Amino acid sequence: MLSREEVEAYCKEYYEPIYKYCMLFLADREDTEDATQETFVAFSQKGHLIDKEHISPWLFRTAHNMVLRQFKKRALKTKRECVFDEALLEASRRFTRFEEAVVSCYAERYVNEVYERLSEREKELFDLFSDNRLKTGDVACFLGIDSHTCSMRKLRLKEKCRDILKEIIFY
1 MLSREEVEAY CKEYYEPIYK YCMLFLADRE DTEDATQETF VAFSQKGHLI
51 DKEHISPWLF RTAHNMVLRQ FKKRALKTKR ECVFDEALLE ASRRFTRFEE
101 AVVSCYAERY VNEVYERLSE REKELFDLFS DNRLKTGDVA CFLGIDSHTC
151 SMRKLRLKEK CRDILKEIIF Y
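Take the sequence shown: its position 45, counting from 1, is numbered 45 in the working numbering, and each next residue is one higher.
If you're looking for bench data, these hints aren't it; they were derived computationally from the structure. The reader is advised that the hints may include incorrect statements.
Taking CB as the label site, the calculated pair distances span [as the list claims (entries may be wrong)]:
id: 1; residue 1: L143; residue 2: A101; range: 47 to 53 Å
id: 2; residue 1: K73; residue 2: E53; range: 43 to 49 Å
id: 3; residue 1: D131; residue 2: E86; range: 42 to 48 Å
id: 4; residue 1: E16; residue 2: S119; range: 42 to 48 Å
Only a predicted model underlies this, so the values are computations on that prediction, with no experimental measurement involved. Idealized CB from N, CA, C, for every residue including glycine.
Take these sequences, add in the hints, and give me the full structure.
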């Protein structure tokens with residue numbers, strides 16, 4: 001865990017840029033303050049999981065998620081859809097690429113936490129594919145299923161593992 005002093009130091013360093021980023025999209029002081037504060041609350045809980053060189057992009061990615069949450073809250077309040085502008089959509093694309101890179105970077109470090117959250121069936125499949133020695137066809141024969149079904153299970157397992165890792169690192 002980060003010490004209180006470390007969290008406060010990061011807050012002093014990054015609060016203003018994160019606030020400005022949120023204000024750029026939200027254009028509302030109250031919503032911007034909420035999104036910025038929620039970003040740093042998440043950081044105080046998850047910051048120890050991130051290497052120092054990834055803290056700045058992690059904060060901006062989390063701030064982006066908080067902006068999206070604020071848009072969702074606005075839409076729920078007005079009971080109508082909220083239109084995202086092109087700049088927000090492009091930022092989402094950019095941050096998604098960053099998020100995937102971070103997930104790949106931290107996958108080995110948190111493999112045990114991910115493994116613990118899998119069902120018994122998923123753990124069995126994970127174990128069969130984790131050493132990269134067995135081909136999909138061999139695993140399918142071992143499980144008594146066809147290759148396509150095995151490929152789809154492998155794909156779903158990979159996505160679930162990435163989602164779990166995103167949850168561990170970002171939210």
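Status of each hint after checking the structure:
1. L143 x A101: 47 to 53 Å: 32 Å, violated
2. K73 x E53: 43 to 49 Å: Because 32 Å falls outside the window, the suggested range is violated.
3. D131 x E86: 42 to 48 Å: Distance hint for D131, E86 holds at roughly 44 Å.
4. E16 x S119: 42 to 48 Å: 44 Å, holds
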